[in-house]
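Number of protein chains: 2
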Amino acid sequence: MNTQDLIQHLPARAAFSAAKMTKLDCFRSRHLLVGLNCFEPGQEQTVHAHDGADKFYFVVTGKASFTIGDMTLEARSGDLLLAPAGLPHGVARALERTVVLVAIAPAPRA
Amino acid sequence: MNTQDLIQHLPARAAFSAAKMTKLDCFRSRHLLVGLNCFEPGQEQTVHAHDGADKFYFVVTGKASFTIGDMTLEARSGDLLLAPAGLPHGVARALERTVVLVAIAPAPRA
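Sequences listed follow chains A and B, in order. Going by the numbering used here, the first residue of the first sequence is number 1, and it counts up by one from there. Going by the numbering used here, the first residue of the second sequence is number 1, and it counts up by one from there.
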């Protein structure tokens with residue numbers, strides 16, 4: 001990767017679509033995927049799980065209702081949400097325009 | 001881990017010491033360590049590297065001067081800094097009270 005990519009201002013990298021939530025990669029290796037998930041109000045991410053990989057969400061800006069296991073949790077800027085391997089997780093509904101930092105270790109296949 | 005630990009408001013978890021920067025774990029597995037590094041103004045983290053593990057810093061609040069490889073980068077809230085395996089990195093100096101989310105994959109030994 002280029003040295004200029006070693007620092008990224010995430011609010012400036014966020015990109016939104018009226019059609020559905022968007023994803024973009026910030027870093028990818030065998031060990032780690034780091035990316036952004038960007039939501040317009042009302043958009044969602046379907047509940048899913050990663051076998052053998054641990055994941056977290058960190059809400060950079062905005063507010064959304066997350067599903068973690070059998071819980072529904074409203075989270076806002078500054079909140080970390082953990083989805084250890086195998087635990088179903090998703091975003092039930094963004095309540096505002098929302099930018100979420102996501103990390104998955106090890107990285108899923110591209 | 002307890003289900004109540006699956007969501008953590010990171011600014012509320014931050015803890016500072018007048019003596020030196022502090023570290024605390026938010027999540028630890030074989031694949032992933034997630035934690036906070038907390039700095040009072042002027043505090044530092046010595047430059048170091050992780051063989052075989054990829055790391056990132058995300059500045060939650062504050063502003064600090066980071067070392068990444070041979071670069072010195074001033075970063076503020078919203079900035080992601082990447083330190084792929086083997087690349088030296090550290091915090092030269094916190095310019096304000098600063099809280100940094102840190103992830104390392106795979107996790108170093110406790």
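These are computed hints drawn from the structure, not numbers from a lab. Be careful, since some hints might not be right.
Since the list gives no way to pick out one identical chain from another, each pair is judged satisfied if it fits inside one copy or across any two copies.
Straight-line distance between alpha carbons at most 25 Å, and here's what the computed SDA-like set of lysine to any residue pairs gives [as the list claims (entries may be wrong)]:
hint	residue 1	residue 2
1	20	30
2	63	5
3	63	109
4	63	17
5	63	30
6	63	47
7	63	11
Practice problem: If the cutoff is 25 Å on CA atoms, where do residue 63 and residue 11 land: within, between, both or neither? Let me know, please. | Solution: both (14 Å within a copy, 16 Å between copies)
Quiz item: Between residue 63 and residue 30, at a C-alpha cutoff of 25 Å, which is it: within one copy, between copies, both, or neither?
Solution: Answer is neither: 31 Å inside a copy and 30 Å across each miss the 25 Å cutoff.
Quiz item: Is the C-alpha distance from residue 20 to residue 30 at most 25 Å within one copy, between copies, in both cases, or in neither?
Solution: neither (28 Å within a copy, 33 Å between copies)
Exercise. Tell me, please, which holds for residue 63 and residue 5 at an alpha-carbon limit of 25 Å: within, between, both or neither?
Key: between (27 Å within a copy, 19 Å between copies)
Exercise. Classify it for me, residue 63 with residue 17: is the Cα-Cα distance of at most 25 Å met within a copy, between copies, both or neither?
Key: The answer is within: 17 Å in one copy meets 25 Å, while 31 Å across copies does not.
Self-check item: Identical-chain pair category, residue 63 with residue 109, by Cα at 25 Å
Solution: neither (29 Å within a copy, 34 Å between copies)
Quiz prompt | residue 63 and residue 47: within-copy, between-copy, both or neither at 25 Å Cα | solution = So residue 63 and residue 47 pass the 25 Å test inside one copy only (18 Å; across, 35 Å).
The structure shown violates the earlier hints numbered 1, 3 and 5.
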